[in-house]
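Asks: Need the complex rebuilt from these two chains, each delivered in its own frame; the hints are there to steer you.
First to last, the protein sequences are chains A and B. Note that the working numbering gives residue 61 to position 61 of the first sequence, counting from 1, and the numbers run on in steps of one. Note that the working numbering gives residue 94 to position 94 of the second sequence, counting from 1, and the numbers run on in steps of one.
Check before you lean on any hint, since a few could be wrong.
[As the list claims (entries may be wrong)] Partial list, derived from the structure: chain B residues whose beta carbon lies under 10 Å from chain A: (1) Met-1; (2) Ala-9; (3) Thr-14; (4) Glu-83; (5) Glu-86; (6) Gly-89; (7) Ala-90; (8) Met-91; (9) Leu-92; (10) Asp-97; (11) Ser-98; (12) Ala-99; (13) His-100; (14) Arg-102.
[Said to hold, decoys possible] Far from chain B by the CB rule (all over 10 Å, computed), these chain A residues: (15) Met-1; (16) Arg-3; (17) Val-8; (18) Pro-20; (19) Val-35; (20) Ser-36; (21) Lys-45; (22) Glu-54; (23) Leu-60; (24) Glu-68.
[Unchecked claim] One side only, chain A facing chain B, incomplete, derived with CB under 8 Å: (25) Asp-10; (26) Leu-12; (27) Pro-14; (28) Leu-16; (29) Pro-17; (30) Glu-40; (31) Ser-50; (32) Met-70; (33) Gly-71; (34) Ser-73.
It is worth saying that the hints were derived from the structure and are not from the lab. Ideal placement from N, C-alpha and C gives every residue a C-beta, glycine not left out.
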Amino acid sequence: MPRIQKLVLDVLKPRLPSSPDFAIAIARLGPDYRVSLDVEEIDEKTITTSITIEADDLDLERIEKVIEEMGGSVHSIDQVVASGDADPES
Amino acid sequence: MIDLRDLRALIGLTNSEQIARRYFVTNGFDASLAMLGLIMGFRAAERATPDVALTACFGTSVALAVSAFVSTYASESAELRRELHELTGAMLDRMSDSAHRRAANWVPGFVAIVSGASPFVVAQVIMVPLWLERSGLRAPLSAVDLSIGLALLVIFLFGALLGHVGRGGRIAAGLRLLAVGVVTAVVIGLIAP
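So that you can see chain B by itself, here it is in the shape it has in the complex (with noise of 0.2 Å):
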């Protein structure tokens, strides 16, 4: 087994923490844009009821949830395996004992489960309104409406947070994320049959 300070060190070594954040940041955009959609598309067919919107965007939400974290460990298990490769035969050795196989064995682990953790939470963060709905809890504004609200504030976050990696303006990369969203939002809007 391995313990979480040896799981940061070989992070540290094979550089995966600047994946797991690249991954966390997609596929949390893809699962905020994926939600936006699906719930822009219940309130055009308006006779659709909250209830059906949550269970679609649960069941979405799962599916995004397993293909992130499916094909992450699958391409990084991949890349890994191979710069082991690489690095065993220009050192001329298997280097069995090393801190870079466990790497290549533990660290996909842990950049799959923030890759498709990511699209999970996010799409249930989207959905608070609908479960709160589904519990009873009436607010002035339908739960639809408020979850829309909802993706195009994470959507936002999620534009900040890159202007914060990128060390530039958080707002100004918040809002050219938002605009995204909403030129989206606005789209289904007009062509949704």
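Isolated chain A, as found in the complex (with noise of 0.2 Å):
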């Protein structure tokens, strides 16, 4: 079964939730979740960011419900990392 291991995403967000908290929310997603949350530009009530997301198996619909959730908005998938399993015939 192909896996989506590693996303970088544009996301403007609001000021608040924080960046760290932001982070968190995502990170909490999964036990192997790794998150980096780079600032790009501040503006007086949003946040540009780049946010990379790293694990064994993302699941893309659940982060941009979480990002969603915390008012942010995901402008792009800037990069994608996807591993698919060996074919055992091939």
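Replies: Shown next, in the form of structure tokens:
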């Protein structure tokens, strides 16, 4: 079964929740989730971020839902790393 | 619906804990001074019985609570809706399922409950001697005098709380507000018709 193991998302988020709270909320989606949040630009009410998420099997739908619940908006998916299991018959 | 953990998160998101604390102190202090004024008035009008004082104080406490609840709910609701409107403009998104929209719906209710409960609870504490007298318990001092003492104690405690919040001296801050209460009581005693 192919799995997504790394995502880099361009996310616009409100100033609150704070960046650490935002990253922790995403990391809570799985015990092996590793989240790195880079601030790209700070405006009066919003922050443009680049969020890198790594895990053995990322759930993009749940990640987008958590971001939306925290008031964020995914502008683009800038990088995807996926892996497929080797076909045992090949 | 919403559970307590969610509500706590929404309160943190909107920094409403500080706002609720301000309403708690402001409306509680208002209520303690209002009760002090009422009870001083009853003391000056020598024919007023503790029973009459109790009924009037209770009515006033309910009016203060309703006034605080309604005005706080209306103003906080408007403020949070305005903030949400500005944020959705900046995000170019309606943020329909966001915590921010839920906060705009739920947090004003929480702040309003704190704001409304504060004057009511403060007034009931000050009225304890009046309640006790009505239930037949007699103290060495009159219930009205004990209530005045309690009002001054509550005023001192509000000052001490502000001193604690401001990381200053609690006793000094308490004494400052107590002085306001004492001056108010003296003025009422002097000019009451």
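Asks: At a threshold of 8 Å, is the proposed contact between Glu-40 of chain A and chain B supported by beta-carbon distances?
Replies: violated, 15 Å
Asks: Does the CB of Leu-92 of chain B sit less than 10 Å away from some CB of chain A?
Replies: holds, 8 Å
Asks: Would Met-1 of chain A pass as off the interface with chain B, using Cβ distances and a cut of 10 Å?
Replies: Consistent with the label, Met-1 of chain A stays out of reach of chain B, its closest Cβ about 29 Å off (over 10 Å).
Asks: In terms of Cβ atoms, is chain B entirely out of 10 Å range of Val-8 of chain A?
Replies: holds, 21 Å
Asks: For Val-35 of chain A, which was marked as not at the interface, is the minimum beta-carbon distance to chain B over 10 Å?
Replies: holds, 18 Å
Asks: Please confirm whether Lys-45 of chain A is truly not at the interface, meaning its C-beta sits more than 10 Å away from all C-beta atoms of chain B.
Replies: violated, 4 Å
Asks: Hey, does the Met-91 of chain B contact hint survive, CB to chain A under 10 Å?
Replies: Result: holds, 6 Å to nearest chain A Cβ.
Asks: Double-check Asp-10 of chain A for me: the hint is only fine if its C-beta lies closer than 8 Å to a C-beta in chain B.
Replies: violated, 14 Å
Asks: Per the stated criterion, does the least C-beta distance between Glu-68 of chain A and chain B lie above 10 Å, as a non-interface residue requires?
Replies: violated, 5 Å
Asks: Are all C-beta atoms of chain B more than 10 Å from that of Ser-36 of chain A?
Replies: Label holds. Min Cβ-Cβ 22 Å, cutoff 10 Å.
Asks: Would Leu-60 of chain A pass as off the interface with chain B, using Cβ distances and a cut of 10 Å?
Replies: Since the minimum Cβ distance to chain B is about 17 Å, Leu-60 of chain A lies beyond 10 Å and the statement holds.
Asks: For the restraint on Gly-89 of chain B, tell me whether the closest CB of chain A is nearer than 10 Å.
Replies: Holds: closest Cβ of chain A sits about 8 Å from Gly-89 of chain B, inside 10 Å.
Of the numbered hints listed earlier, those contradicted by the structure are 1, 21, 24, 25, 30, 31.
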